[in-house]
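In this text, residue positions in the sequence shown follow the numbering used here: the first is 5, and each later residue adds one.
Hints were generated in silico from the structure; no laboratory data involved.
By construction, the Cβ of each residue, glycine as well, lies at the ideal position given by its N, Cα and C atoms.
Warning: the hint list may mix true and false statements.
BS3-like mimics (lysine-lysine), calculated; alpha carbons at most 30 Å apart, straight line [as the list claims (entries may be wrong)]:
| no. | residue 1 | residue 2 |
| --- | --- | --- |
| 1 | 443 | 459 |
| 2 | 219 | 31 |
| 3 | 22 | 383 |
| 4 | 332 | 125 |
| 5 | 73 | 257 |
| 6 | 22 | 360 |
| 7 | 462 | 164 |
| 8 | 164 | 184 |
| 9 | 125 | 31 |
| 10 | 78 | 257 |
| 11 | 459 | 78 |
| 12 | 465 | 73 |
| 13 | 124 | 78 |
| 14 | 41 | 219 |
| 15 | 220 | 459 |
| 16 | 78 | 220 |
| 17 | 31 | 206 |
| 18 | 125 | 73 |
| 19 | 124 | 164 |
| 20 | 125 | 220 |
| 21 | 443 | 70 |
| 22 | 73 | 220 |
| 23 | 206 | 124 |
| 24 | 197 | 462 |
| 25 | 220 | 31 |
| 26 | 206 | 22 |
| 27 | 332 | 206 |
| 28 | 125 | 465 |
| 29 | 257 | 443 |
| 30 | 184 | 383 |
| 31 | 257 | 70 |
| 32 | 367 | 184 |
| 33 | 465 | 257 |
| 34 | 443 | 124 |
| 35 | 257 | 462 |
Ranges of calculated distance between the beta carbons of each label pair, as one might list FRET restraints [to be verified]:
| no. | residue 1 | residue 2 | range |
| --- | --- | --- | --- |
| 36 | 133 | 167 | 36 to 44 Å |
| 37 | 381 | 133 | 30 to 38 Å |
| 38 | 43 | 71 | 22 to 30 Å |
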Amino acid sequence: MATPPPGIAGLPSANPTKSYWLHDPSKVLLGHRTTEKLPEEADIVIVGSGITGSFAARFLFEEEEKMGKSEEEKSRVVMLEAREAVSGATGRNGGHCQPLVYGAVPEVAEFEIENFEYLKKLVEEENIDCDWTTLPAGVHAFYTPNLLSLARSSLHSLQKSHPALGSTLELITSPVLFEKYRVPTALGVILQKKAASLWPYKLVAHILTSLLSSKKSAFNLQTNTPVTSLTPSSTSGGGGWTLTTPRGNITTKKLLIATNGYTSNLLPSFSDLIVPVRGQVSALIPPVTSVPLSHSYLFAADPEEEEATAITAAPRDDYLSQRPPHAKNEIIYGGGRRFASCLGVGISSDDQIEEKVASYLRKSLTPVLDLSSEGEELKASHEWSGIMGYSRDLHAWVGEVPRSLFPKGGDAGGGVYVCAGYTGHGMPAATLSARAVAKEMLGVVAKEEKGGKVKLPKEFKITEERVQRARGLPLVQGGWEVNTLGTLFSGVLGEEKSEE
Numbered sequence: 005m006a007t008p009p010p011g012i013a014g015l016p017s018a019n020p021t022k023s024y025w026l027h028d029p030s031k032v033l034l035g036h037r038t039t040e041k042l043p044e045e046a047d048i049v050i051v052g053s054g055i056t057g058s059f060a061a062r063f064l065f066e067e068e069e070k071m072g073k074s075e076e077e078k079s080r081v082v083m084l085e086a087r088e089a090v091s092g093a094t095g096r097n098g099g100h101c102q103p104l105v106y107g108a109v110p111e112v113a114e115f116e117i118e119n120f121e122y123l124k125k126l127v128e129e130e131n132i133d134c135d136w137t138t139l140p141a142g143v144h145a146f147y148t149p150n151l152l153s154l155a156r157s158s159l160h161s162l163q164k165s166h167p168a169l170g171s172t173l174e175l176i177t178s179p180v181l182f183e184k185y186r187v188p189t190a191l192g193v194i195l196q197k198k199a200a201s202l203w204p205y206k207l208v209a210h211i212l213t214s215l216l217s218s219k220k221s222a223f224n225l226q227t228n229t230p231v232t233s234l235t236p237s238s239t240s241g242g243g244g245w246t247l248t249t250p251r252g253n254i255t256t257k258k259l260l261i262a263t264n265g266y267t268s269n270l271l272p273s274f275s276d277l278i279v280p281v282r283g284q285v286s287a288l289i290p291p292v293t294s295v296p297l298s299h300s301y302l303f304a305a306d307p308e309e310e311e312a313t314a315i316t317a318a319p320r321d322d323y324l325s326q327r328p329p330h331a332k333n334e335i336i337y338g339g340g341r342r343f344a345s346c347l348g349v350g351i352s353s354d355d356q357i358e359e360k361v362a363s364y365l366r367k368s369l370t371p372v373l374d375l376s377s378e379g380e381e382l383k384a385s386h387e388w389s390g391i392m393g394y395s396r397d398l399h400a401w402v403g404e405v406p407r408s409l410f411p412k413g414g415d416a417g418g419g420v421y422v423c424a425g426y427t428g429h430g431m432p433a434a435t436l437s438a439r440a441v442a443k444e445m446l447g448v449v450a451k452e453e454k455g456g457k458v459k460l461p462k463e464f465k466i467t468e469e470r471v472q473r474a475r476g477l478p479l480v481q482g483g484w485e486v487n488t489l490g491t492l493f494s495g496v497l498g499e500e501k502s503e504e
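Please put together the full structure from these sequences, using the hints given.
Here you go:
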C-alpha cells in the first residue's frame, strides 16, 4: 500500500493492536458479507461501521418507515468496512458515555445529554447486552490551580445562565470529600451526574445484527472491504460517486463518510480540519485488596506542572472506568498521550502501542487514585491503540460536504456527507449526529421535535463559512495549541460572554 501524503490519513491498519472490547466478537458479524459479491451500485453507501455509521443506517430506515415508503421504495444501503465490523475507534475507546457539560457551549451540552438519555433508554427498551452501567457520577479531578480555576469559572457561568444544565454538576472543594471519592491529592473535583460505562462494541454489534436480521431494511454489510479511492461517477446518469475497493467498484448517488480520524483518506480537503490522533488504552488488573470503584474518572492537569520526563509539554487528560465484577473488575485506563511520539497527532495507524505510554498507564494510576496498592505497577490484560479524529475547531463536522471540499472533479450536485471529528468525545455525540445526517440525506427538514428533543448544534453543521473560520485557527499539530482542556474552557467562557 502506498504511503499517503503528509497530513492525509492512511487506510486502517491491516494488523491492529488487540483491543479488550474486541476479544469476544459477534459470530454474526465476524467476516460478514451480506452478499458474496460487492454490489455494483446502491442508493446510499456508508463507509465505516462504528457507532456513527451503524446508527446512521438505523435512522435511515426508521425515517423511511415514518415516510411510509414501501419495501420496494426503501433505500438500498451498503456499508463498507475496511476491517472487521466495529473495529475502529468505537471498538477501541475507553468505554465511557458521559456528556462534558461544563466543557461545552450550552447547545452542545444539551445535545450530549439528549444523546446520553437516548442511548440509556435504547439499551433498556431493547435489553441490549452491552454492560451499560449508569454511574452515580463522573469524578473529574483537577491537579493544577489554573485548570481548576478555568473549570470552576465555566461551571459557575453555566449554573448562572442555564440552571438546568448546571444542576447536573457539583463542585467539590473539601479534602474530606476528596478522600471519599478516592482522589486524595486532588485540588478540586467536579462531579458530572450524567455518566455511564459500557461495552461499546456490543452496543453497536446489536444495532448491526438487528439491521441484518430485519425484513424492513435492504441493508448490506461488507467487511474487510477498504475503499481505496473516491471519484465522480461517469455511469450514474448525472452526478454520483464511484468507490474503488480491492473487490471491485460500487457506484452511489449518496455517500456517507463515517470514518472519523480516517476522513481525509477519502476527502483530502479535510486533512487540516479533521486530523487523525492516536490514543492508547490499557485494561489493568486491580490489586486484590482494592475496593471496586463506583464512579468513572478524569484526571486533569496543566502541562507546566507535569512530570519532567514527559516527551513534550501537554496537559494531563487521563480517564478510567472499571468493568463489572463478572468481568474480573478490570480497570480501563486511557491517556498518557503526552509521552507519545508527536503526541499521537497525525498518526493513523493503530498497529502498535508505545511502551513509554503503556508503562505510564501501568505505573501512574495508583498514586493518583486510592487503590490501596502501595504504588505497585499494575498488570495489563490488554494494551491497545486507536485512532481519534480531532477537529480543528473542537466540534464535530456533520452534514453535506460543500463544493470547496469535494474530491477533485466532483459534480456540483453534491451527495457526499460527513459525520466525524469528535475530538476523542464521540460516545455522547455520535448517535444523534448520525440521526441528523440521516435526516439530511433523506431530505427531511430538520425541525426541533416535540418531547424535549434538541436539534443538531449549529457548531456541528458543515458550511463554507465554518470551513473558512476554522482555517483561521491554529492547526492541530505537534503541540496542543487548540486541543487543550484549558482552551476548551476558555472557549466556553467566551461563548457565554458573547450571549450576555
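For residue 367 and residue 184, compute the direct alpha-carbon distance and say whether it is at most 30 Å. Satisfied, since the Cα-Cα distance of roughly 22 Å is no more than 30 Å.
Between residue 125 and residue 73, does the CA-CA distance stay at or below 30 Å? Holds, at roughly 27 Å.
Agreement of residue 184 and residue 383 with the hint, judged by alpha carbon distance not exceeding 30 Å: The given pair, whose Cα atoms are some 25 Å apart, holds under the 30 Å limit.
Distance restraint between residue 22 and residue 383, which requires alpha-carbon spacing of 30 Å or less: Cα-Cα ~16 Å, so holds.
With the threshold set at 30 Å, check whether the alpha-carbon distance from residue 462 to residue 164 stays at or below it. Given pair residue 462, residue 164 holds - Cα atoms ~22 Å apart, limit 30 Å.
Hinted pair, alpha-carbon criterion (30 Å max): residue 197, residue 462. Please report holds or violated. 25 Å, holds
Within 30 Å, alpha carbon to alpha carbon, are residue 257 and residue 443? Given pair residue 257, residue 443 holds - Cα atoms ~16 Å apart, limit 30 Å.
Pairwise hint evaluation, residue 125 against residue 332, where the allowed Cα distance is 30 Å at most: It holds: about 27 Å lies between the C-alpha atoms, which stays within 30 Å.
Need the status of pair residue 164, residue 184: alpha-carbon distance at most 30 Å? 28 Å, holds
Does the structure keep residue 125 and residue 465 at a Cα separation of 30 Å or less? 26 Å, holds
Can you confirm whether the C-alpha distance between residue 206 and residue 22 stays at or below 30 Å? 16 Å, holds
Return holds or violated for the Cβ distance of residue 381 and residue 133 against the range 30 to 38 Å. 33 Å Cβ-Cβ, so the 30 to 38 Å window holds.
Checked against the numbered hints given earlier, this structure breaks none of them.
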